[in-house]
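Given next are the chains, with one letter for each unit.
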Amino acid sequence: MERMHDIAGPQDAPGGAPAPLPVPGPPLWLLAEVTYRCPLHCAFCYNPVDFARHDRELSTADWLRVLREARALGAVQCGFSGGEPLVRDDLEELVAEAHRLGYYTNLLTSGVGLSAERAARLKAAGLDHVQLSFQDSTREMNDFLSHTKTFDLKQRVARLIKAEGWPMVMNVVLHRLNIDYVDRIIEMGVELGAEYLELANSQYYSWALENRDKLLPSLAQLQRAEQVVADYRARLGDRIKLLFVVPDYYEQRPKKCVNGWGQVLLAVTPDGIALPCHTARMLPGIAFPDVREHSIAHIWRESDAFNRFRGTAWMKEPCRSCPEREQDLGGCRCQAYQLTGDAAAADPVCAKSPDRPIVDAAIDAAQRAAASGAAEQPLLFRDPKNSLARSAGSGVSPPASRGPAPRAARARAP
Amino acid sequence: MSATAQAPGAGDDAYAGVPRIGRGFRLQWEEAQGAWVLLYPEGMVKLNGSAGEILKRCDGVRSGPQIVADLEQAFGVAGLAADVRGFLAIALRNRWIEVQGIPPE
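Same order as they appear, the protein sequences are chains A and B.
With my numbering applied, the first sequence covers 2 to 415.
With my numbering applied, the second sequence covers 1462 to 1566.
Next comes chain A alone, as it looks inside the complex (with noise of 0.2 Å):
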């Protein structure tokens, strides 16, 4: 699935002298990623690479009990996300349950499976938020640029959606190979009628580092989307809110990911693990926590994992002296780890981050590979052959970083 928007943090680090490490506040968004079951492959999909590996998901008790204690100690919005999370025959109960406990919940669906009856039952279970997805990279865009039976789906979900009276969120991943249709792509959700569509650049973990030769668009490309865009937003108005997000790796200061680790994000794999972002699970030396094993409250505020990032006490040079620490916290540990090999360096996309030249190097060779036409080399699909093959007898998920990242392939030496 595609990432959640952020929630405004209440509460920024202190600032000053670092702090042994703040008190966190509650962790405001709990992301349930109930499944790694997908009818889809998309090709930029954030799961781990070794997501096959991980297929004992949490039992339906379980998953109630992760969200009594997490609304327990504050959370208010909740994700149900995979995967795609319709597989589960159980979700109306999560739903239902997330309601009653006071959150308001989220689904996070390509739409596929969503019958008229199903939705029925999702908004009679309290459901109040459908994100709906256009995902599977090529083959669903070239359904799409064709019109033919993707459309047909997500004209179907949006008419359910409409009929539930959800508010009409829809939200597409774009890439080198899609980004120049997205005047299509925004005539397509007027079409179907989205008061919000999301325009999200996809971002090179997982899935999407693998294929990042194939997915990374050039500059011009995205300057050029950029302008559709804001012409778009002049002509629309308030007809339908676009937002655009811009790849990491043409921006010269990194995000605040997931504003701050531990600061507001609580995810909780199908398998049961707790993760401060939704991709730490690649992080090396770090035992994240398992839901059947700790409460909740004991992982967010005691775990070593949840702590172990938080604040700014744990930067390096040049994070550590840096005016500006406040602001991104040093950007996301697992972009650090997957192009340096260190999840303590500052994001390297970091203008001031000594490791920048990997990001515009990986630019580069994408721009290298679109040329040559290697880019035109079948992409990678999520799924679970794939997954299993890229992890075979490793006990960990492997960096996938590729092409010149050195001190990545250093730090991985064994």
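Hints are supplied without guarantee of correctness; some may be wrong.
In silico SDA-like cross-links for lysine to any residue, where the CA-CA straight-line distance does not exceed 25 Å [stated by the list, open to error]:
| no. | chain 1 | residue 1 | chain 2 | residue 2 |
| --- | --- | --- | --- | --- |
| 1 | B | LYS1517 | A | GLY166 |
| 2 | A | LYS353 | A | ALA372 |
| 3 | A | LYS242 | B | GLU1491 |
| 4 | A | LYS256 | A | ARG225 |
Simulated from the structure, these hints should not be mistaken for laboratory data.
Got chain A sorted already, so can you dock chain B onto it with the hints?
Just chain B, lined up with the frame of chain A:
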């Protein structure tokens, strides 16, 4: 966010009508935050005290002047109309409230 009055006059329509919480939004008290919050798809606005007091009266029954009268009585103060009017304009613009017959600005 702030509930101080802005752009006097901009909230006239919302004020004269009968506002209620916008579709897709939910207002609730959060004990852990000690505040009223507005929840919406994948997001939250933490409200200050006066914003919470105004919004919890946007129930689809009371009009702007009735909300003012109710607040003035509840808090034993007078002269809240301008603040309420200004806040309702902001709320309408952000789709936190809707008023029958008035599209969001």
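Evaluation of the provided hints:
no.: 1; hint: B:LYS1517 / A:GLY166; result: holds (22 Å)
no.: 2; hint: A:LYS353 / A:ALA372; result: violated (29 Å)
no.: 3; hint: A:LYS242 / B:GLU1491; result: violated (28 Å)
no.: 4; hint: A:LYS256 / A:ARG225; result: holds (22 Å)
Of the hints listed earlier, those the structure fails to meet are numbers 2 and 3, in rising order.
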